[in-house]
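There are 2 protein chains.
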Amino acid sequence: MTETTILKNVRPWGEAATDVTVATGRIAQVGPATVWNGAKAVDGGGAILLPGFVEAHTHLDKTLYGMAWNPNNVGSTLVEKITNERHSKSRLGLDPARQSARQVALSVAHGSTHIRSHVDIDTEHGLKGVLGVMETREKYADVIDLEIVAFPQSGMLIRQGTKELMDEALSLGAEVVGGLDPCSMDLDPKGHLDVIFGLAEKHGKPIDIHLHELGELGAFSMRLIIDRTRAHAMSGKVTVSHAFCLGHNDYLAVGRLLDQLAEAGIAIMTTGPSGYPCPPLIRTLDAGIAVCSGSDGIRDCWSPYGNADMLERAMFLGMRNDLDRDADLRRAVEVVTTGGASVMNIAGYGLGVGDNADLVLIDGETLAEAVVSRRTRPLVMKRGKVVARDGAILFAME
Amino acid sequence: MTETTILKNVRPWGEAATDVTVATGRIAQVGPATVWNGAKAVDGGGAILLPGFVEAHTHLDKTLYGMAWNPNNVGSTLVEKITNERHSKSRLGLDPARQSARQVALSVAHGSTHIRSHVDIDTEHGLKGVLGVMETREKYADVIDLEIVAFPQSGMLIRQGTKELMDEALSLGAEVVGGLDPCSMDLDPKGHLDVIFGLAEKHGKPIDIHLHELGELGAFSMRLIIDRTRAHAMSGKVTVSHAFCLGHNDYLAVGRLLDQLAEAGIAIMTTGPSGYPCPPLIRTLDAGIAVCSGSDGIRDCWSPYGNADMLERAMFLGMRNDLDRDADLRRAVEVVTTGGASVMNIAGYGLGVGDNADLVLIDGETLAEAVVSRRTRPLVMKRGKVVARDGAILFAME
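As they're listed, the protein sequences go chains A and B. Its first residue numbered 1, the first sequence is counted upward by one per residue in the UniProt record's numbering. Its first residue numbered 1, the second sequence is counted upward by one per residue in the UniProt record's numbering.
Okay, chain A solo, but in the shape it has when bound (with noise of 0.2 Å):
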């Protein structure tokens, strides 16, 4: 349990600054603070308050962060970067307890509060990644929420034994069933959309999709999870993440998806920038899709990019999809809180009066000014208790 803290002078979501009281973990009071014994005060500034971010789409267990620089000369093909990751793994002695706990302080001191995790699990590196990212998971509980989706990085159907690991990582407590181009990764769409709706229903879990098939062929295996996630009755609990057949050049057949994926409750998950198509942002949310956004790799055997800085990810939202008006870019700033929050299913997340006390404070004149400048947080609040300052984090790093 935490003390009782008084944040003075903080303008919720960029608007009329307030007073918010955080006491046991939760926000007691909105409002000019009535007096609480022993609060603690602390000076907003006139900063912008936010729930925390929610980095939904990473990949904690492979980042080289904090390592000697890699230098990339991979090919270009998904097979070569996939082959590639998982001999490097053991080349450069890629420790997953050791690189995700990194990222985490990455992510933390930029003011994410949660994170959803793609792990990888192959016949190679068998669950080394899961449990790895698992240690960190519990020894950082107090400052993020780390949430695991078992991914088959590497291809299931075509590496023998990857089903039976996945059952395994869920069993031992990995939240998600990850899935992957069911078409051209297995090169069996149905096979695979089997096993990973079949591990779901046995695991009573819900699903995250990497679906980076284009044009026909992702719309294709769209429709087939569509049916699939009305079939097993799984409104809510599925997730295409980045989806680029949506950014397909047919408004109309986009249209017809947009409305299929809305009707059966599937979430989509976008970073925005990248060589390939991308979901229409504001198309997607007025078609009333939950929408997250992630970091997805950072720094890694993929891509040299990424700060697991979820503001400077609003951003990327805003420029992809040229969102210039302030209101549009108070959308992109959604879909990396609100809009994560609703696809992890976040219970208490929010800036309510009884909500959790994951909170950051953002420099910013307005909202919009906030995500162009992307400045140092002043503060991030996990539960309730102060977990970074001024860009910094506040706990121990092993």
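One copy or two, it doesn't matter: identical chains are merged, so the pair holds either way.
Taking lysine to aspartate or glutamate and the EDC-like style, the derived pairs with C-alpha atoms no more than 20 Å apart in a straight line are:
(1) 81 - 328
(2) 205 - 167
(3) 385 - 355
(4) 385 - 138
For the record, the hints were derived by calculation from the structure and aren't laboratory data.
Add chain B to chain A, keeping to what the hints say.
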């Protein structure tokens, strides 16, 4: 003339550490410094040394940087944006001299040593923008080289008198003839191109045309520009900015355009991310086309984004073009340095002996790592004089 300075322990282009001696505003020696009378030594701390960044496409006259945040609620069409902007300039009391100076300071702090700025010319504001930026060009001549493009932002043929203002701006010393969407803005591609190629011929100056037109329409305008460039023997003197039509989803058609652009000696400017298709960076470079980049408008009535950091711009180019390999990221850095210098035809640009000492130090383990980390620049030098250190400018602003 400036004093002699020895930059010790710097890594040109991220390669082996060495010393670089600067005398009378130029690079006098690369390698262990021999004795120089009265030379001042500066510890480069192993930072990477690059020639100064070239901001080859921005709009200095209309940034709102440093003014109160201007909420954006503008419609999405080009004409709505242009009309809103023309009216907002008066409403907000935008002073082109003051605002361009503010952006120059921001640019220099981030390591740019050269800027090409389009400057609006229209019948409502006349040459106010051009005169304001010329004032800044003169006032800050010691810290930045600034090139002005006379830019008919609100249309030329559709606003009688604009052509004459363009002519006057070029006589007053604007260095480049600007143009804008020959079809969709003036609705008369032949008429538009007659005027700008005519002005170029009359004044003996190069051309830089904004071409936002998409798909076949953009390709049509581009073919007209290619024909004119050949007919006027202007190889090496024409730039097409944005060129969204090169992001067109037709591999062979884009390839044909790239070949024609290369053969005609036309350069391309691309900013990277946006809600529009963009030229494929590596294919464009591989076709032998000079490519530069820029921030475009920074925090103006069009768009809230931008910070004048051309190292971050290299990262944006990389992300948008899916450049994961170190060698490809180096090419993105070349676009914001030597690419810009080539397009702007900057004499004495580079890191060779005899080149101008227009230099920037960037922190990074490798060039690629520096790009993705985008740390504060330790030192920026213009013609041998240190003009910024640790992200702060060392010259007075009025």
